[in-house]
Amino acid sequence: MADLQDELDSPAEAGENDDRRTAPTPTDDTFTEDTWAPGPAPEPEPEPEPLEPGLRDALERARDLLAAHPVADGYSGLPSALWELPWYDLELGDSGLETDLPRLRAGRVGMQFWSLQVPDGQPEGDRAVSSALEQLDLVRHVVGRYANGLRVARDASETTDARNCGRIATLIGPASGRAIGDSLGALRQLHTLGLSSLTLSGTSWAGEGGLTPFGEEVVREMNRLGVLADLSGSSPATARRVLAVSKAPVLWTRSGARALREHPANLDDEMLAAVGRMKGLCLVPFAADRTGPALGDVADHMEHVRRVAGADCVGISGMYDTRSAHPGELTDASRYPRLVAELLRRGWPEADVAALTWGNVQRVLRGADFTARAARERRGASTATIGRLDS
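Residue numbers for the sequence shown follow the numbering used here, so the first one is 3 and each next one is one higher.
Read the hints as simulated data drawn from the structure, not as lab findings.
With beta-carbon atoms standing in for the labels, derived distance ranges:
hint, residue 1, residue 2, range
1, Arg375, Arg142, 17 to 27 angstroms
2, Asn150, Thr387, 37 to 47 angstroms
3, Asp128, Glu210, 17 to 27 angstroms
4, Arg142, Ala383, 19 to 29 angstroms
For each residue, glycine too, the CB sits at the ideal point set by N, CA and C.
All chains, full assembly: derive it from the sequences and hints.
Next comes the structure, spelled out in structure tokens:
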């Protein structure tokens, strides 16, 4: 009952969503661009050059599709970028950022994961935990400041609720695995504050040799809480062990296809096939070093992942405001329709595009929530420590 009470008293249901009773229902007849975003419908992004007729038609189809199936962006570095700025205004727009509310609306974004990454030079332990807490506090402050455009969400129902109320759902995470300070209690407290996903790489318990006994307990506790495991940057041994231990779907938030471009973060076909078998999700990044310098390169990676892992296992990772160089036609958060138009021109069925932009992330969020509810029926909070399990 305590777990149920926690869910009933979650922040999004204790007053932040008071306007859900008047929110429009997303049906084919009523859910339009005007109901999707607050205020007037966003104007199409300006084009740098005249468009050929085929591309113009594809862009119109892309915007129509995204009005019903907006983009779920799997990775944004906005918290770290905002932390370094002395002043910003996300509503008016800021040339120092690749993301702001006007561009998110123009890009038809309905959901973003905001990463909480501990800097590489950050000490371990308590300092890493405090760094994550400071970034989490910043996320909540920013969302509160722009409450007419953003809303914190933690699961599939809350993201849908935010979308129906004309807000962009903000999911907190992935956070660096070091953010929990090798403590399951810290993991639980971060989840209470809204953490939705955790990157396992870079920790002592998820290394080149795979998961340690404590690492396996971390994964089981994440399953119990509903925190998604992000395997970006993890070794093949760790990834294989997580796929064996986790009862919930897992993510690779920043990975393309290694068959097309050799990069340590990209997945080979064997791992992509495993992602498909376990119904995980590979989010292809808009990062020139991982996928290539052109929009067509990103589309090639998405087609490869779809072919090997399946249409249900591919998604989008904008990687905006992460200091990564982006392909030339995907320079900021307004450019998602260009990618969707390219996929439609290549003959992707609209059902596959809708899964790519919105449906696949929703499926994974629902899977994590279902697993958490079932796990809490079987076990309570783990009292394991790294000293006891990994000594």
